[in-house]
Structure formats: C-alpha cells, structure tokens
Amino acid sequence: MPPSKMPADTLRDWSNTGLARRLGAPRIPVLRRYSPGQPLLEGGPALVAAVGDGRFAKPIAALVAEHGATVVTETGDERLAAVVLDLTEIATLSELAEAQRILTPAVRKLAPSGRLLLLGPVSGDGRHGDHRHSQGNAEAVAVAQALDGLVRSVAKELRAGATANMVVVDVDTTPAAVESTVRFLLSARSAYVDGQVVHVGAAEAAGVADPQRPLAGRVAVVTGAARGIGAAIADTLARDGATIVAVDVPAAGEGLAAVANRTGGTALQLDITASDAASRLLAFVGERFGRVDLVVHNAGITRDKLLANMDAERWDAVLAVNLGAQLTINEALLAAPDLLGPDARVVCVSSQTGIAGNRGQTNYAASKAGIIGMVRALAPRFAEHGATINAVAPGFIETEMTARMPLGTREAGRRVNSLRQGGLPVDVAETIGWLGQASSGAVNGQVVRVCGQSMLGA
Amino acid sequence: MPARRAAVIGGNRIPFARANRRYARASNLDMLAATLDGLVARFGLSGERLGEVVAGAVLKHSRDFNLTREAVLGSRLSPATPAYDIQQACGTGLEATIAVANKIALGQVESGVAGGVDTASDAPIAVNEDLRKVLVALNSARSLGDRVKLVGKLRPGQIVPEIPRNAEPRTGLSMGEHAAVTAKEWGIGRTEQDELAAASHRNLAAAYERGFFDDLVTPYLGLTRDDNLRPDSSVETLAKLKPVFGRGDDATMTAGNSTPLTDGAALVLLGSDEWAAEHRLPVLAHVVDAETAAVDYVHGRDGLLTAPVFAVPRLLERVGMSLQDFDFYEIHEAFASTVLATLKAWEDPAFAKERLGLDAPLGAIDRSRLNVTGSSLAAGHPFAATGGRIVATLAKLLHEKGPGSRGLISICAAGGQGVVAILEGA
Chain A
1 MPPSKMPADT LRDWSNTGLA RRLGAPRIPV LRRYSPGQPL LEGGPALVAA
51 VGDGRFAKPI AALVAEHGAT VVTETGDERL AAVVLDLTEI ATLSELAEAQ
101 RILTPAVRKL APSGRLLLLG PVSGDGRHGD HRHSQGNAEA VAVAQALDGL
151 VRSVAKELRA GATANMVVVD VDTTPAAVES TVRFLLSARS AYVDGQVVHV
201 GAAEAAGVAD PQRPLAGRVA VVTGAARGIG AAIADTLARD GATIVAVDVP
251 AAGEGLAAVA NRTGGTALQL DITASDAASR LLAFVGERFG RVDLVVHNAG
301 ITRDKLLANM DAERWDAVLA VNLGAQLTIN EALLAAPDLL GPDARVVCVS
351 SQTGIAGNRG QTNYAASKAG IIGMVRALAP RFAEHGATIN AVAPGFIETE
401 MTARMPLGTR EAGRRVNSLR QGGLPVDVAE TIGWLGQASS GAVNGQVVRV
451 CGQSMLGA
Chain B
1 MPARRAAVIG GNRIPFARAN RRYARASNLD MLAATLDGLV ARFGLSGERL
51 GEVVAGAVLK HSRDFNLTRE AVLGSRLSPA TPAYDIQQAC GTGLEATIAV
101 ANKIALGQVE SGVAGGVDTA SDAPIAVNED LRKVLVALNS ARSLGDRVKL
151 VGKLRPGQIV PEIPRNAEPR TGLSMGEHAA VTAKEWGIGR TEQDELAAAS
201 HRNLAAAYER GFFDDLVTPY LGLTRDDNLR PDSSVETLAK LKPVFGRGDD
251 ATMTAGNSTP LTDGAALVLL GSDEWAAEHR LPVLAHVVDA ETAAVDYVHG
301 RDGLLTAPVF AVPRLLERVG MSLQDFDFYE IHEAFASTVL ATLKAWEDPA
351 FAKERLGLDA PLGAIDRSRL NVTGSSLAAG HPFAATGGRI VATLAKLLHE
401 KGPGSRGLIS ICAAGGQGVV AILEGA
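Residue numbers (the working numbering), protein chains in the order written: chain A, 1 to 458; chain B, 1 to 426.
If you are wondering where the hints come from, they were derived from the structure by calculation, not from laboratory data. From the three backbone atoms N, C-alpha and C, an ideal C-beta is built for every residue, glycine too. Any given hint could turn out to be false.
[Unchecked claim] Calculated pairs, DMTMM-like style, for lysine to aspartate or glutamate (alpha carbon to alpha carbon, straight line, at most 25 Å):
no. : chain 1 : residue 1 : chain 2 : residue 2
1   : B       : LYS401    : A       : ASP271
2   : A       : LYS109    : A       : ASP77
3   : B       : LYS401    : A       : ASP148
4   : B       : LYS401    : A       : ASP77
5   : B       : LYS344    : B       : GLU185
6   : A       : LYS58     : A       : GLU95
[To be verified] Computed footprint of chain A on chain B; a stretch qualifies when at least three of its residues, placed anywhere within it, have a C-beta under 8 Å from a C-beta of chain A:
no. : region
7   : 166–175
8   : 213–220
9   : 270–284
Please construct the entire structure, taking both the sequences and the accompanying hints into account.
Next comes the structure, spelled out in structure tokens:
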C-alpha cells in the first residue's frame, strides 16, 4: 500500500507517553489492525459460552480454535482476547440475568483491543409466529431488545481499543451463515466497528476456501477509486484476493491509473452520472471478466451550503453522484442477472451524516440517508439472485479531507466516539471486504456503521 | 497479404500541452512512462510481459539513448518486456505501429505497444560545437602541456549553446516556410485553411463532450484535456490572426491554422486476435497495410510535406481500393494548408498523370469524413506522439462504425517523408 497522507493523531500519541501516564491523562488506545498472516485473536484465550441451548457457541468455539486460539468456557485469571456469548435462545429476565453474571467478570479481563461479541435473537419482527421471540411473547421480545441496550452500553464502557458488537439471528439462521461475520467482528479487521448490531439471516452462505484471501477470484468494481477511501478499498480488496476494476471520473484518471496498477487491476474512466454510464460499466465488466462479484458504490461528492442558501446545482450534483448513479447502476445490475456472479454483493457507502444529519449538508445527508432506504428496498430483489446489498456508514475517517479541517473541528470530530479517535480509510475498506465475501450471503439489507460507536446519530 | 492481421486493441495518451506550459518540467521519459502506465491500467496489464514496446522521440537528449526501454523499466509492465527506439520525425508513431503490427502479422510477437513522445519544452540543448571539440580533445589529451594548450583555446563565445531548430538541415527553411511554399504553389486560400482549423477545434471539443476520449486519454500533471483546444474557435476569430509563415500580402499561414509546438505522448496496444481473446481484450480494428514514401524536396520540385501524396496511391493500388472507399480519413494537420494541398493534389488530373503516373486523379473525398474527432490543429502535435494518437482514435471510430469499416491515415514528416496506413474496423 502507498504511504498514507493521513494527519497524525498527536494527542493519541502523546497520551501514550510516560509523561501523560504520570499526569493521569486518559489514554487514547492504538487500535490493533489487520495485517496478512496475523492470528485471529491475540493476548489470551477466548471465552465462548452460551445461556440456554444456543446452537452457535460450539461451532464458534471450533472456529476460534481452528484459528489457533485457546478456548475457555469460564473466566479465570488470564486476560481474555475475546468473549463470545450465545444468547440466541434467551427469553426470560432470569436468563438475561444469567448473561450479566457471565459478562461482568469476563469484561474485567478483556485484553486491549479485545472483542466482546453477543449473539442474540432478532426481536419481534413477527415473521416467526410459532417462535417464542414473536410479538405474542412480550417478555421474550423485551429480553431480545434488552440486549441491544446492553451491548451499546458495554461498548461505551470498554477501554483500550476493545469493542462490543452483536449479531442477531433468525430462528433458522445456521452457524455456517454467521461464520464470516463472527470472523470479521472478532478479528482486527473490525478495529473501528463498535456498538453495532448486525442481522444475519437464514440465507445459505458459501464457505471460505482461504480466510487469508477471502475474496480470491472475485471481480470487484470500486467507484471513486482514484483516492481517499476508494483507493483504500481497492487496495484492501486486492490484498484479500479480488481483481479490481477501479472506476472514477476521467479527470481523476492519473490517480486512478496508479491505484489500478498497484492493485494489479484495471482502470475505467467513467462519469457514473453520464446517461449511458451503467451500460458502459456493465459492458466493460462483461467484456473483460464476463461477470461481476462485488460492486462497491463509493463515489461521492460534497457541495455544502445551508439549505437557506442552497442552489439547484449543488443539490442536483450531490444527489446525482451520491444516490442517483447508485440507483441506476443497481437497477442495471438487477436487469442483467447473467452478469452477476453466483454470490454477488453490492456494498454502498453511506455516511454517519445520513444518520445524524449535519449542518450545511442537507444535500449530502439526504443522499446518504437515501442510500439506506435504497439498500433496504433492494435487499429482497438482490436476494432473488443469491446476491446481497448492504451499506456501510463511515463516521469520522482520517482522510486528506479531514486533514484540511480546522484543528478544533478535527479534534472534536475525532473524540466524540467510544474509541476516542478517528478511523482510517482501511477500517471502512475492511468492513466492505467482509460484506463482499461470498460467505457473507446471509447478511443483507444491513447498515453497518464504521464510526467507533460515534455519539452522533446513535 | 499476410496470414494474419495485427489487431488494434486500444490506446492511451496524455493530454497534449503547449510547449513551456503544464509539462514544461516533464522529460520525454516521464511522459512516456506515464503514458505506458496509463495504458497498462486501462487494459489490466500490470506485471504482464509483452512482445515488445517500440516508440521514439524526435527531440532527444543524449541520455535518452534507450528511451523506450527505460520507460518500460519505469512502468508496471514486466521488466522482461523488450523495447527499442525508432525515429522518423513526425512519422515516428505510425512507423512504430507498422513495425509492431508487422511482427505480429509474421507471428514473431503476439502483443506489443507502439507510439512516441516529444517535448518541445524540455528540449536538448547541446554545448557549443567549438567548445565540444575542445572538450573532446581535452578528454583525450595525454600530457599536461597538451591540456594547457587546449584550455588556451577556450573562448567566451563558446558559451552560446546549440539549440535544436525547427528547420530542415538541407534548406535552412523552417517547416512552416516550406509549407507556405507548397500552399502558394497549390493556391490554398486563407479562408479554407481557417475553416479547416475551426472544424478541428469544433470536432475535438465535441468528441471530448461525448466522452469519446474517456478511454483514450489519461490526465497528466493535472491537465485533463489538450490545452491548445479552443472550443469556441471560429473562422471569424481565426481570420484576425496575422500570417507567420510566407511573405507578402498573399501569405496565408497563421498561428491559428498551423500546429503549435507541443509536449505529449501517445501509445497504441496491438496484438494478435488470439492474444486479445486470451486476455479478454477488445479488438477495435485491424492494420490492413501501410506505405512510406519520400520526396526530393531539396533538389526536386516537391514540397517538404507532400510525400503522402505519393504514398497513398501506391498503397491504394496494392490493396485494390479507391480513395473513396473509406469511412474515415485521418490526415495529420501539420498545417491546414498541408492537408488542403494534399487533397488538391489527389484531385488534380495533370498531377495524377505527370507525377503519379495515373490515368485519372484519385479524386475528391467526402470532407465530412475527414478528421471527425479533430486533429493536430486542435489537439497539438508532439511530433512522435501524433501517430499513436491517430491510430487509437481511428481504431475506436471504426469500431463504433462496425466491422468492415475502413479508415485511411496519412502523416507527413520532416525530411520529405510520409507514412500512410489503412485500418479496418472489427
């Protein structure tokens, strides 16, 4: 990967010095991040347990062991690299209390950059009338929802780069279906994903041949790939084995060529808002590869102005690039199922701004919130083709853009999250890589925030 | 006819920049390597070993002796890709294409890249010829006494460097002056030259607008389009310019209807149909045939830039085609008058009989098929890069038109030479 032009997090570096420690200044953790060949977990054994007859604890224990980590079933004296608690079968307050009794000692032992992962039942969607978590069983539904509050709170309590996330499952979700998600959330790849709840459904999921290169043999289109987060996405997907089609506007061609060449991929200079852009894109991947396995809608622009001063040009440009082009290309993909690979994935880059809103960004926030609606609407249609569509919503990510912010704004943006720092473009890219895997087929219509559990829009 | 024809798969160029502007500090090697990397990115050839890369530059530093090979080594292509330089003035890019296409046709290579680069900004400036002789002698002097004697020969006047001139060594006339002679001889008027120039700008701008160059050009050093392009150029604005070549009241050639000195590079990717298919790459067109001619502009009666007038009829006769059999004509616009004189010569019955040895003239062409996406008057003309620009542009036009469509390329060059070729759409 190229040398990064990221701004230094001076405060974080200082907080880790001896002087800062002696002054008692709060320490801003240096997050453990993924590098190829790295073990899944480091710093101690993993506690894997269940309350009740959870069907996931055993397969997850096997998965963790397969990755070389020791598995324990009770908290002892040792630091724990991860705590995985299967709560998918809990339905009563007493079972919820049992979970607390297990979690409290375990959390005390969680190692730096440790992982707390809960598995819970999806609550009250009414799809499973005979199930005890259906609307009819108020206590079970309440308990399922209670886990939401639990995980979001413990995520705020954890220190030293540790994160807490939850996977919620349907009654017919298989252990195989959650495997890629569990692997992601336990690994250092999810460094900046914190306080998130991800639904894993019942769709069949392909296995992973090589966890080191989970995207091997997959053709991935990345829009807005010439620089910033898009370039990091291309680099990261290529590292995981994908063949990259890097797309950006013709004017960004110089940077685009550099990204394409260093990833061993191909550059496509294309304005995605052009009327024939979708057909040109599909014709290109059809001719060169015969299919597309992953489309990452990353291209985005900002044209900030208070709504009172907004002109049509700014509004239209932002909506056209950030949302309109995605809608058009997605429809074209659905109209060309022969071109979709057997486990095709679409990942759309939304934004924290689309969830929390931001002064001066009505157009941008509308486009990014619109993406969330689009993903939910299209999820069932992509599922018909064995495909998925999901969104990632980055929070404060350190880029050339944030480097140009005034110091005060930048510092405030960095610190208002549970990890007390900005994320890196690679954190967004790793999350996209997980959603892009063939084995992530049971994750569909989800919005995963990559924000270190930001307080904005939470 | 060879057993197989080389396929034109695509091309890449950087936007052309007027001399001493955006690429003022870029060397031939910088521009050629960047253009090669853009081509590699467009066709996903990172790490690939190609049959060969052939390119050249007209204005070259002595350090550029192995320019193309150095560009390959500086690019993302496999370092196991061989390369060599050629130079045939403004015919360099097309002659390079012919060289690679011929090797592909013969089965000696399966793939190759051809083109060229030139900078009029980063031009080689050599030491004064007198000074050079003293320095060479100093280098070989054996005794201190000899050296002292030689140092005594150094003179202040020797500090004046040798600057490359845009003039023919054998006539001392600049290319523009030569072209002005031809223009006068053929009675080429001012207005028709300005009309051709305006059309070039209009056509190039329209092609950019419709995204035609999205897969032919890669931005470089922040430049995204040819900076010589003036979309609003018109006959009226061009008519205001003062003549710069030729003398007297009937001088017609201005800075507007002549190409400016330009920096840039252009390359074409060629291959066999099989190689293209194996790599899932498109075939835009095939190279049908080519011809190079030369004229005696020193002692004879031909104009410096009129060699294509002779090359085209020879090529047409060999392939059994007439001048009207083409869907597109790409006639390099060194000067508007050069294009117009060339067309006029092909229409002239007396010239056909006396000089071309033909019973009838080649005839007129449908002017709406000429340089339809603009040419050198609008894009600029980095000498060795023009051939690559034209081959890739025409191949794409023919591919859009459909299989069996045909295009003619005609490029005049210094030294009284001309390179012409025929492409057929795939």
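Next item on the list: Please name the hints from earlier in the document that this structure breaks, with their numbers sorted from lowest to highest.
Entry: 3, 4, 7
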